[in-house]
Every structure is written in structure tokens, then in C-alpha cells.
Amino acid sequence: MDKTLHSKSTSLWGDAWRRLKKNRPAVAGLVVIIFLIIVAVMAPAISPADPIKTDLPNRLKPPGAPSAICKNGVYILGSDEFGRDILSRVIYGTRISLSVGIISQAIVTVIGVTMGALAGYYGGMMDMLVMRTADILFAFPELLFYIGVMFALGPSIYNIFIALALIGWAGVARLVRSQVLYLREMEYVEAARAQGLSDARIILRHILPNCMGPIIVSVTMGIPGAILSEATLSFLGLGVQPPTPSWGNMIYAARAYMLSNPWYSVWPGIAIMVTVFAFNLLGDGLRDALDPRLKR
Amino acid sequence: MAGYIVRRLIMALPVLVGVSLITFILLNVVPGDPVLEMMGKHVDPLTLEKVREQLGLNDPLYVQFGRFLFNALRGDLGKSFKTGQPVTKMIMDTFPTTVKLALSSAFVAIIIGITVGIISAVKQYSFFDHAAMITALAGISAPIFWVAVVAQLVFGLQLKWLPISGYSSPKHMILPAVVLGIRFAASIARYTRSAFLEVIRQDYIRTARAKGLAERAVIFGHALKNAMIPVVTIIGMQISGLLTGSLLTETIFAIPGLGRLSIWALSNRDFPLVQGIVLFTAAVFVIGNLIVDISYAFLDPRVRLQ
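Chains as they are written, first to last, in my numbering: chain H, 1 to 296; chain V, 1 to 306.
Worth flagging that the hints you see were computed from the coordinates, not collected in a lab. If you're wondering where the values come from, they're calculated on a predicted model, not measured in any experiment. Be aware that one or more of the hints could be misleading.
[Said to hold, decoys possible] Among chain V residues calculated to face chain H with C-beta under 8 Å, some are: (1) A142; (2) Y204; (3) T244; (4) V278.
[Said to hold, decoys possible] DSSO-like cross-link-like pairs, simulated, lysine-lysine; straight-line CA separation at most 30 Å: (5) V:K41 to V:K79; (6) V:K82 to V:K50; (7) V:K171 to V:K160; (8) V:K89 to V:K100; (9) H:K22 to V:K123; (10) H:K21 to V:K171.
Ideal placement from N, C-alpha and C gives every residue a C-beta, glycine not left out.
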């Protein structure tokens, strides 16, 4: 008799996971992302050739042309201006794009959450300082800022992390601050304070766990933006430097050979689009599953 | 209203000073000597020193920054290191081109975006809805520079319908405007759809239907105006996206606008020009947001500006 009354209790995360599982586009996005991660990790094993191995006599071959450097003997997606295998370069490019997306968002999240939590919890001068800085960063022409930072620090993938983090934290800080402002007035936080818990413990154990939903959504939504920014900077010659393959610098190189090998510029672009598309699908799904209030 | 606008503009001042300060710091970290760049490698040290003195580059940094701010307040952004022209003139020469490009693509993008968004919402879960939303998501997922390159490849080189670069006839604007507009149209379509879906579930829409209004009157008379509020916000937020996009589109299509000028200025270490463009762009952004906030008051009488 009891069994009918006590339905199995579900946690917030269990609930969210069930909602996400029902969202077919989001699941498709997740599957593509997992596939891309596998490709990135297994790159040396699955690439037909070394991505920086050149074969000058076989420059700019169309897809399907015979190849001396590829294990399977064919340039599946053609060859580039140095006779390198485009497919292998696209495969290795996955590593750059995914690591830029994930690492830059990790940095942005750590800084943004810290700043937002401090501003929201303590208010006053701290709040003023953080939020006015965020206002300034929001007014900055974003791409121009990235380009300026890359000029100042020099082109490399690490400086891309810095450039993206310098501006990116502001959005997360705003989000977390508004959540903390709301949560710090809740009775359970007051109870924690009455028990004499330290501020750090209240923020870390009682407030932040309740902001996880919006934070996860914002991180997921930030990844495609970061991937696009890296590709853009590399396209402008300010990001990842050749011969290391990045989808952005491949498209830049391909521009010069649009007539001799039109496919060259198409592949890395498709790779960017599929990756960003998958993260957007997952982001939309997570937003609906985790944070009904944010649903727009 | 006038008081509100004045207050907002005053509030924007510290933001613009902050933007200038960050730019100033960044520029002073950039390796390379702008004067050496300007004079050529074979200049003698004495002349070099004299030019630095004349440009005020030997003053302490805070004096340089203070002077920039003081002059900027009077509308003087200094002279370009590279061309010797006033920065304001160079900005004003190129800005109309960027505005023309941005407005023509925004105009088409807003019309297409809102129309598609409304149809998708009214016919939710139909084939049209699914197809439109997949296309829209693809639109915001495609890197703008790649779309530009592929557009040049397909419509310029293969089909030979349109010129692939330059700026000498209206025909030259078609590809860049379309490329720039795709992302914009896609995000407007997405937001219009979700805003519309929210609105048509409201009680007043049910009331309108219940009193026997035609569906057309419900959609256009009651739902549209209310759904436009979040859409206007998005349009405002996309202003900076549009400027970012024009930077790439202008560079790829060789259009002499502000975006191309900013890249040129950065790669030539033309500090006053960079400083001026950043301040100008930030001001455009701030004013754009102000216009968005003011437009709320027109769309929604409940909003009082204060």
C-alpha cells in the first residue's frame, strides 16, 4: 500500500537529465560532441597521414586523388598547397577547436563565478568595482579587442585563451551576481549564517550549488562563441600559426587557391559549422532542461 | 524623456573613459615602435627623437592619456601617425560606408527574421517550423568569414553572377550585405519565434480569440506588438555583432569602411587611429543601447523611463 504513495524521489539533476534525454536535437548535439572528442583524442590513430607531412609534387589535388603519404593511398578530401592531407589536418584541427572552446570557458567560468559571487554576496564597493568593469568590457568592440590583445601578446593558442578570458568573464559574473543577490536573501542562507558558518562556506556550499543550472547553460553557450572566435583570429593570421592545423588558418590558406582547389576552403568550414551547431543544440537543450526561468 | 537621455549619456562617460584606458594600456604593451614604423627603418636617431617629442610620446603615460581624454571631449581625436590626417576625418570618411552596409543587411535581415519567426511560432512543430529553425541554427553556427569565402567562390567565381570584391557599384554591396545579414536574420528568427510563443499563450490573446476576432487581427493586432519587446532587445544586442561582422566582411570583400580601417590601423600600429576607432565604436554601441531602451517606452506603455 505504501508503494503507491511513495513515488521514487528524483534529484534536480536526475530530473534535468530526463528532460534532456527527451529532447532529441539536444541528444543529437551531445552525440556529435562525444564523437568529436573521440576524434580529437584518437587523431594520431585515425588520421590517414601526418598532418604536417608535405608532398610538394602532389599540391592541391582534388578529393579522391591518389596519395603517396596517406596510409590508404588516397587524399580523401584532397591535398593543400604543400601536398598535405586535408582530412588529417581537419582531424587534428578538432583538437585546437575543442580545447579552445573548453579551456577558455573553464577559465572564464572560474573568474566569472568568483567575481560574480563576491560582488553579489558582499555588495558595496566590491559590487561597484566588478560591475563597472563588466560594463566597460561589454561596451568594447569584442573582435577589435581580441585582435588588439593578439597584436600585443603575439599570436599563439595560449594568448587566445587570455584574450577570450579577459572579456568573457564579465558575462558570467553578471549572471552569477544576479543569482547570488537573490539567493543570499533566502531563509536557508540566513539559517546558515545564524549557525555561524563562515562566508566562504556559505557561498561555496549553500549559494553556488544553487546557481549551477544557469552557469552550466552559460558555459555550454559560451563554447561555440569561443570556437568561432579562435577560428576568426586564426583566419586573420593572429591565432594558431601554421603549420599547426587549425580550421581557421586552413580557411585563410585556402582563400588563395579558391580556383585551383575550391574544396580546400569548404571542408574546414563544414567542420566548424558542425561543431558549433552541435554545441548550440546541446546548449538550447540544457537551457530548457535546467533552467525553466531562463527559457525564452 | 530629455532628462533621462541626458542622465544616461552622463552615465556612459565613465564607461567610455574605461574603454579608452584599456585601449591605451593595450597599445602601450604592443611590441614595436610606432614612430619607427612611420618614419621607415633608416631614420637618424636625432630626427626620431624630435618627432617623438613633437608627438608628445616622451611625456609620462598618464600625461599622454590625460591629453587624449581632454582633446577627445572637444571632439579632437588627434592625427593618424601613418597618414597625418585627423582621426575624426578618417572615421567620418569610412563610417558612412559601414553604416550603409550594416543598415542594408540589417533591414533585410530584420524583415526576413521577424517574418520567419512569426510563421514558425504560429505553425509551431510544422515542417516549416522545423526547417526554418534548423536553418536558423545553421546560420548562427557558420563562421561569417567562411560564409564570405564560400559566397565569393560560388556566386563570384563559379556562377560569375556578382563581383567578389571592391566597392564601386550597388551590385558590389549585394554579397557582403547578404553575408553580414545571415547571422542577424537567423538570431532574430529564433528570438521572434520564442517571444511569439510566449505571448500567444497569454490570457489577453485567449480573450481576443474568445471574443471572435479573426486570427489575423489576433496575430497582428495583439500579439505582434507585445512580442516585439524582447526582439527589439536582441536587435539592440546585435549592434556590436553587426560591427564585428562588418570588420570581417569589409576586410574580405575589400570595402573601404570603418571595419577595414580598424584592421589596417592595428596592423600599422597607428595608435591614435586605433584609439579613436575604439572610442567611436564604443560610443556607437552605448548610443545604440540607449535607443533600444527608449524604444521600450514606445512599445510598452507600462515602461517608464527613469
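Hints and how they fare:
A distance limit of 8 Å between C-beta atoms decides the matter here; for V:A142 the minimum to chain H is near 5 Å, and the interface restraint holds. Contact between V:Y204 and chain H, as hinted, is not supported at the beta carbon level, the nearest pair being about 20 Å apart and thus beyond 8 Å. Satisfaction of the interface hint for V:T244 is found here, the shortest Cβ-Cβ separation to chain H being roughly 4 Å, below the 8 Å cut-off. For the restraint placing V:V278 at the interface with chain H, the shortest Cβ-Cβ distance is roughly 6 Å, inside the 8 Å limit, so the hint holds.
Proposed proximity of V:K41 and V:K79 is supported: the alpha carbons are some 21 Å apart, at most 30 Å. For the hint pairing V:K82 with V:K50, the CA-to-CA distance comes to about 17 Å; that is within 30 Å, so the pair holds. At most 30 Å may separate the alpha-carbon atoms for a hinted pair to count; V:K171 and V:K160 meet this at roughly 12 Å. Using a Cα cut-off of 30 Å, the hinted pair V:K89 and V:K100 holds, with the two alpha carbons roughly 18 Å apart.
With a CA separation close to 22 Å, the supplied pair H:K22 and V:K123 stays within the 30 Å bound. Our distance criterion of 30 Å between C-alpha atoms is broken by H:K21 and V:K171, whose separation comes to about 48 Å.
The structure shown violates the earlier hints numbered 2 and 10.
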